[in-house]
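Visitor: Assemble the whole structure, with the sequences as input and the hints as a guide.
Protein chains in written order, with our numbering: chain A, 1 to 362; chain B, 1 to 362.
Chain copies aren't distinguished; within one or between two, either way the pair holds.
Okay, derived cross-link-like pairs now, BS3-like style, lysine-lysine, Cα gap no bigger than 30 Å in a straight line: (1) K316 <-> K49; (2) K49 <-> K3; (3) K234 <-> K312; (4) K3 <-> K18; (5) K49 <-> K312; (6) K220 <-> K124; (7) K124 <-> K112; (8) K113 <-> K138; (9) K232 <-> K124.
No lab work stands behind these hints, which were simulated from the structure alone.
There are 2 protein chains.
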Amino acid sequence: MEKRVYNFSPGPATLPLKVLEEAQRDLLALPGLGVSALEISHRCPWFDKVLEETEANLRELLKIPANFKVLFLQGGSRLQFSMVPMNLLQEGKAAEYVVTGSWSKMALDEAKKFGTAKATYDAKATNYDRLPTAGDLKVDEGASYAYFTSNETIQGVQFLDEPKTGSLPLVCDASSDFLCRPLPMDRYGLIYSCAQKNSGPAGVTTVIIRDDLLGRSTDKLPTMMNYALYAKEKSLLNTPPVFSIYIMMLVTRWLKNDIGGLDKMLAHNKKKAAQLYDVIDASGGFYTGHAQKADRSLMNVTFKLPDDEKQKAFLKGAESRGLHYLPGHRSVGGIRASIYNAMPIEGVQLLADWMKEFQKGA
Amino acid sequence: MEKRVYNFSPGPATLPLKVLEEAQRDLLALPGLGVSALEISHRCPWFDKVLEETEANLRELLKIPANFKVLFLQGGSRLQFSMVPMNLLQEGKAAEYVVTGSWSKMALDEAKKFGTAKATYDAKATNYDRLPTAGDLKVDEGASYAYFTSNETIQGVQFLDEPKTGSLPLVCDASSDFLCRPLPMDRYGLIYSCAQKNSGPAGVTTVIIRDDLLGRSTDKLPTMMNYALYAKEKSLLNTPPVFSIYIMMLVTRWLKNDIGGLDKMLAHNKKKAAQLYDVIDASGGFYTGHAQKADRSLMNVTFKLPDDEKQKAFLKGAESRGLHYLPGHRSVGGIRASIYNAMPIEGVQLLADWMKEFQKGA
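Guide: Here it is as structure tokens:
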């Protein structure tokens, strides 16, 4: 069999081997059905069960209260950048955006097409290396909603606690850290995530929405952009991405049964991230992290080497050790080690070892 | 290995076995890369090649002229029901819809949200059993575009020649017969298709658009609904459904190399459809087709048995012979045998044999 490498890509990202093995085993024919999950009808009992289990797994993992709907959509997070304001912005009211990196900035710019949206906070002056402190956020209590991005993949800053935005419905783009930790769901109005980091392959987006907010969706919206219609049709407004949802079912099953839930996943993620941040902090400035220490991401560890030549040599050596897709985003540069839920601790350990070895030899 | 059945589902639909076998072989790790197609970055040379080959295969199969763009989107055909009018409807101009079944009716209703759209033709009076004749179409030459659905999956009527709509840009929903035959591309302004019938799994939609029409897309549109932006970013506006496009690459490769192109595919499809229609026509009224003979679909063969009891017995016997997913849509009833490109002739032959045997025994 082809040897697998450690895939540090920011997304699409590594999936649990057990999930891939099950998908592979059944790819020509699902047991007892004789058709592949790539070609089975979405109007059949098998897929009803896939949808049911995926939702049930998410509800159990995140302790989602009964007054929230769980929806499965296409279009990725960038479609949500439009759908959130198109559905939730109210006549004569603004939306408040907490801008902590590239993705929240892009979401704000998109929202401006559909009404009044403004940055309650913007960390641009420090190149998005930090999160707001409690005093930084002065939200208008009469706004339609407050919006934040829980993890900024490019800059590597992450909210491990929700921003203080008062009583406004809180909307969260959790695309790159969904399911990395338990969430206080009662703090949220809407939380969404594309699958291709922690929950599955590219092509499906989960939206969890408090049901009172569904009343804001009007009939004037394009059908496929109306949260209320998705809720009414239980995500079967048209043919959903069957195979991607099936993989999400397997990933959430793995989180429940193999990992043991989100408390354990969080502990595991903290341990993995610490292995890399500890090397950075002990390197005497050889490795420099992009994010402020208090705001560091557990998912995307961003750092730099002293110069481009060393960085090239570092990446070359990493690849020869089976550690791939480590270059940082062009807007920040340096290295980005994306260590999502499914990245095994062995891969992180190998990377930490290589960082230490490389510094010694440099 | 689990035995495969013949899958007559209207979509998601059966895929070529060769495609599934290759996807299965490489599901844990692509050769030489060490990561699965379910988890590989969309910003890597491998995926650049997947996009390139998929587009090149489509261009070769359909002889797509250079002044057309080939785009890959999410959201299915129902998102196109909105995107077509949102991008192409012009101020003060109407759109002309040829309504030949459930899907074109739904597309017309959606278009009305965004401007003036009207039915140039509507076959409702005869329960959508036929297509317009040349004299039926009186389009307003000053309209924004003319729209039709080349194959109505539910009713089983199909255009094997384009409707005569004068010089208007012709927009076609080819979701359920895309790639079943060669097309005179110079007749089209825009043609789109979700993948889950003839070109791949659910989760990706192909849009082929004449480049002069891209000028109608304005900056006010939601980013993910703007054809011009997809064209500008070569379908990488955000993370595309990597795995679904990879499967589409394999399907289009199969069409080229194993089938030998669309002329051969069409001949093959005609032969398959004739096997079933011949049994219907020779049954002396035991089997009655829904569509008028001249307008019958090569993709979805819709027919009825004398009564519900016989229909139940027929379906039960079919399943015991490995012929699955044959019940018709609730709005038409009866049987629907969907025999898309990838349905092997052996499956169709078995079904034809069972139809003859069942009538004898009835």
